[in-house]
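Asker: Line by line, the protein sequences give chains A and B. No gaps in the numbering here: position 93 of the first sequence is 796 in the numbering used here, and each next residue is one more. No gaps in the numbering here: position 14 of the second sequence is 23 in the numbering used here, and each next residue is one more.
Quick caveat, the hints were computed from the structure, so don't treat them as lab data. Among these hints, one or two may not hold up.
[Said to hold, decoys possible] In silico BS3-like cross-links for lysine-lysine, where the CA-CA straight-line distance does not exceed 27 Å:
(1) B:Lys167 with A:Lys733
(2) B:Lys129 with A:Lys712
(3) B:Lys167 with B:Lys129
(4) A:Lys813 with B:Lys129
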Amino acid sequence: MADESEDLKNLWQSQPSDPYGIRRGDFRQKMRKFERRIFWRNVREYAAGAVVIAAFTRYEWKFHGLLVRLGSGLIIAGTLYVMYQLHRRASLRPAPADMGLSPCIEFHRKTLERQRDALQTIWSWYLLPFVPGLTVFVVGSILDRWAAHPENLEHLILNSLGPSAIMAAVFLVAWRLNRRAAARLQAQIDELNDLGDNGDSRP
Amino acid sequence: MASREDLYEEAVRTHGPALDRLSRAYEANPEARRDLLQEIHLALWRSLESFDARCSLRTWIYRVAHNVASSHVDADRRSKARQPVSIDGLDLADEGFDTASVADRRMAIERLMELIRELKPLDRQLMLLFLEGVDAGGIAEVTGLSPGNVATKIHRIKNILIRRFHIGGEHGR
């Protein structure tokens with residue numbers, strides 16, 4: 704069987720390959736170009752956040768009610784916080800310089816652990832920051848409309864219950880899906896622990 | 010101790026073609042593949058500053074290359090929600106290739122690339138290191154898998170390759 708697999712190894716290694724290498728003087732320039740590309744890739748990732756900020760900045764000018772404007776401001780602040788957290792936890796970065804020190808299993812495990820931690824705590828850094836702003840914004844909208852039509856308060860509250868319930872359900876579903884994804888990552892981490900040295904390659 | 014530039018040039022001379030094959034095995038899209046290969050070379054160059062010969066240069070090169078390529082695939086997989094499979098989950102179906110024929114050899118390489126791209130990160134690394142002729146001890150050092158697990162998985166890989174690709178023409182059947 705060993706000799707037979709040698710044939711495929713030879714076939715694999717005899718593939719034509721494009722010679723590639725970076726000349727001594729070109730490293731810094733190529734590294735700068737590469738970092739610029741990563742920067743713009745990250746900027747594209749934050750496009751959704753920029754849209755939310757643009758929309759609620761417009762509300763700051765469009766609406767006159769204090770609470771609606773305060774809610775818009777809180778939503779903008781929440782979005783900025785979430786973007787910062789996304790940058791901290793999930794942005795693309797050049798590979799760390801000490802990468803060759805870690806065996807692949809260790810590197811892979813750390814990557815999975817980072818992703819698991821981000822998903823497990825998604826409530827606190829991704830969902831919760833929007834709650835104060837959204838709550839104040841909804842309450843402010845109700846009070847603004849009540850000021851215009853004082854006789855309809857009950858009706859206004861009932862009307863806002865549907866959209867608020869949908870929003871709460873979306874948050875709950877997002878939280879539960881991410882918890883489930885975190886559990887799947889944990890299963891992969893456990894599998895890696897079983898594959899390492901003596902069943903566990905942790906130092 | 011050689012300078013970072015000297016080490017990099019040695020790495021390209023000794024493992025340049027292997028890095029090219031590795032990037033092709035990880036990334037099917039030609040443009041993304043060139044980006045990945047460049048990213049591997051830049052990461053390697055940066056990393057060689059901390060190379061202190063505690064492991065061989067070969068082990069260092071493969072660790073950096075596979076770790077960079079795995080991160081690349083991981084980001085891509087998350088965006089496409091594609092689930093990788095384990096070596097143990099692959100069936101031993103006959104691909105119908107005979108590696109004695111030139112046309113079949115080319116197709117066999119393509120199919121082999123596709124097969125590798127379907128694998129879980131560690132299985133993919135193991136398969137590539139095996140195909141590059143790295144021995145079991147070297148694979149254990151690069152991947153961090155226990156020698157026992159490396160031996161078991163190599164046995165499985167050989168079975169898959171022999172059954173699927175009719176290695177060695179008639180006698181592989």
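Asker: Give a verdict on every hint.
Answerer: Results of checking the hints against the structure:
1. For the hint linking B:Lys167 to A:Lys733, the alpha-carbon distance of about 40 Å lies beyond 27 Å, and the restraint is violated.
2. Distance check on the hinted pair: B:Lys129 and A:Lys712 sit about 21 Å apart at the alpha-carbon level, within 27 Å; holds.
3. A distance of roughly 17 Å separates the Cα atoms of B:Lys167 and B:Lys129; the hinted pair therefore holds under the 27 Å criterion.
4. Straight-line distance between C-alpha atoms of A:Lys813 and B:Lys129 comes to about 16 Å, which keeps the hinted pair within the 27 Å bound.
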